[in-house]
Amino acid sequence: MIRFKNVSKIYPPNVVGVEGVSLHVKPGEFVSIVGKSGTGKSTLAKLLFAEERPSRGKIEIGGWDITHISDRDISLLRRQIGVVFQDFKLLPKKTVYENVAFALQVAGERPRRIREVVPKVLEIVNLSNKSDRYPKQLSGGEQQRVAIGRALVHSPKILIADEPTGNLDTLNSREIMDLLTKINEFGTTVALVTHDRDMVNRIKRRVITLEEGKIVSDVEEGRYKL
Amino acid sequence: MLLLTLITINILLVMNVVTDRAISLVEDRVEVSVYFYNYTEDTTLSSAVAYLRGLSQVRNVETVSAQEAYEQFVVRHGDDEQIMSSLEELGENPFGPSLIVKAHTVEDFEVIINALDNPQFRDAIREKDFSDYQSIVERIRATSDRVRTFGVALAVVFLLIAILIVFNTVRMGIFIHREEIAIMRLVGASNWFIKAPFLLEMIFLSLIAVGITMVMVYPVVAFLEPQMSVYFGAESSGLVAYFTENGLLIFGGEFLALVLVTLFSTGLAMRKYLKV
Numbered sequence: 000m001i002r003f004k005n006v007s008k009i010y011p012p013n014v015v016g017v018e019g020v021s022l023h024v025k026p027g028e029f030v031s032i033v034g035k036s037g038t039g040k041s042t043l044a045k046l047l048f049a050e051e052r053p054s055r056g057k058i059e060i061g062g063w064d065i066t067h068i069s070d071r072d073i074s075l076l077r078r079q080i081g082v083v084f085q086d087f088k089l090l091p092k093k094t095v096y097e098n099v100a101f102a103l104q105v106a107g108e109r110p111r112r113i114r115e116v117v118p119k120v121l122e123i124v125n126l127s128n129k130s131d132r133y134p135k136q137l138s139g140g141e142q143q144r145v146a147i148g149r150a151l152v153h154s155p156k157i158l159i160a161d162e163p164t165g166n167l168d169t170l171n172s173r174e175i176m177d178l179l180t181k182i183n184e185f186g187t188t189v190a191l192v193t194h195d196r197d198m199v200n201r202i203k204r205r206v207i208t209l210e211e212g213k214i215v216s217d218v219e220e221g222r223y224k225l
Numbered sequence: 000m001l002l003l004t005l006i007t008i009n010i011l012l013v014m015n016v017v018t019d020r021a022i023s024l025v026e027d028r029v030e031v032s033v034y035f036y037n038y039t040e041d042t043t044l045s046s047a048v049a050y051l052r053g054l055s056q057v058r059n060v061e062t063v064s065a066q067e068a069y070e071q072f073v074v075r076h077g078d079d080e081q082i083m084s085s086l087e088e089l090g091e092n093p094f095g096p097s098l099i100v101k102a103h104t105v106e107d108f109e110v111i112i113n114a115l116d117n118p119q120f121r122d123a124i125r126e127k128d129f130s131d132y133q134s135i136v137e138r139i140r141a142t143s144d145r146v147r148t149f150g151v152a153l154a155v156v157f158l159l160i161a162i163l164i165v166f167n168t169v170r171m172g173i174f175i176h177r178e179e180i181a182i183m184r185l186v187g188a189s190n191w192f193i194k195a196p197f198l199l200e201m202i203f204l205s206l207i208a209v210g211i212t213m214v215m216v217y218p219v220v221a222f223l224e225p226q227m228s229v230y231f232g233a234e235s236s237g238l239v240a241y242f243t244e245n246g247l248l249i250f251g252g253e254f255l256a257l258v259l260v261t262l263f264s265t266g267l268a269m270r271k272y273l274k275v
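Same order as they appear, the protein sequences are chains A and B.
Read left to right, the first sequence gives residues 0 to 225 (numbering that gives the first Met the number 0).
Read left to right, the second sequence gives residues 0 to 275 (numbering that gives the first Met the number 0).
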């Protein structure tokens, strides 16, 4: 599903983001990418959804070589990958329903399809009863669930979560992790970028550890060791 | 600024129409009155008429016989007893026949004047009367050219300012909506989906600018046309007719040109500030 072959990302003048990273994530897998701040976790996530291009190496997503993906194709890639961030990135002037529907609108989906899909997604993230609320009227955990709902609306094969619990308390973090696990059980490949030790240890899935931009360990049913 | 540019362009158009009309009216009046001695024989007069009609520069030759000249004089000065008594004292018709020669353009003037020096009838001509139409037309043209040059310069300045304002407006728009744009990119919006609102906004603004210009131009030319009768007399300056007949072409063309300019400026701003 995700394949990195000796990927490096060097920022000018000579700052290493990641270096010589090779990994393979199978379809339906749940993988946590962990490491201290500045070890290249977010760079790895950005390379996955083509926010950054690699300086060297090759990246394949579902067999699609995105190493030199064109600007035009990035939008197509992002409709097949769901992305969730620490700061939620919701539109404050849109309701929960509108925020989720927005991802379909920008892809040119017909209103009828949007009316069909959005309520189903809101049900998955357990926000059906808050669909007309605005982000500022929701808790952090609920806002993150809206963001996950928006990421799921295209039925992506891969969900990338970059520090999704970074702004949440323990209870909300567990809710979000449970939701990500549930999504993974439905068959979506999940790549979780985090430094939240408790959450990683709790789910007992594959853990890839980064240090100074390099993979230092890759363990099935691993734990956060740093 | 878009509006000011359009208004300047339309003022130039009005000037163009009025100048062309004025020159055309002056050229229409280009004529030479040729007065013959009263003893001139009809054959001499006929040969002069035939000769002049044969010139390509001559549009029309009108003959006024001695009798007609006398009658016209009587009509004109019938109320003036002193003149009429003087005329009676002469005992005979003192007027000779005359020709009114009309040219196509003021440039033909010189050729006609020289042609009247033909020895066949030169000695029968008592007087040639003409106004210096060429210098009038040249003065009209020189004035209108100066104003037009100034107008074009002004329109170009307005246009450049408009391009800068559009550029800055788009830049501000991108800055204000940067968060929304980032989210659009994140969820897979196409480049066109992100750029379209900026482009459509500028097309809409161009449409509004042209609409306001239309609403302003028609009443202004309708007001100006009767005011110009002082200069054009019974003739119309043709402003309203010009804008009515060519309205679609003028305002359609201005809209298209404005759209191209604003899209160019929007494109530059998006290329520089909108990384999609």
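Any given hint might turn out to be false.
Unchecked claim - Calculated lysine to aspartate or glutamate pairs in the DMTMM-like style (CA-CA distance at most 20 Å, straight line):
{"hint": "1", "chain 1": "A", "residue 1": "K93", "chain 2": "B", "residue 2": "E179"}
{"hint": "2", "chain 1": "A", "residue 1": "K203", "chain 2": "A", "residue 2": "D64"}
{"hint": "3", "chain 1": "A", "residue 1": "K45", "chain 2": "B", "residue 2": "E178"}
Bear in mind the hints are in silico, worked out from the structure with no lab data behind them.
Quick rundown of the hints versus the structure:
1. A:K93 - B:E179: 11 Å, holds
2. A:K203 - A:D64: Not satisfied, since the Cα-Cα distance of roughly 30 Å exceeds 20 Å.
3. A:K45 - B:E178: 18 Å, holds
Against the hints set out earlier in the document, a violation occurs for number 2 only.
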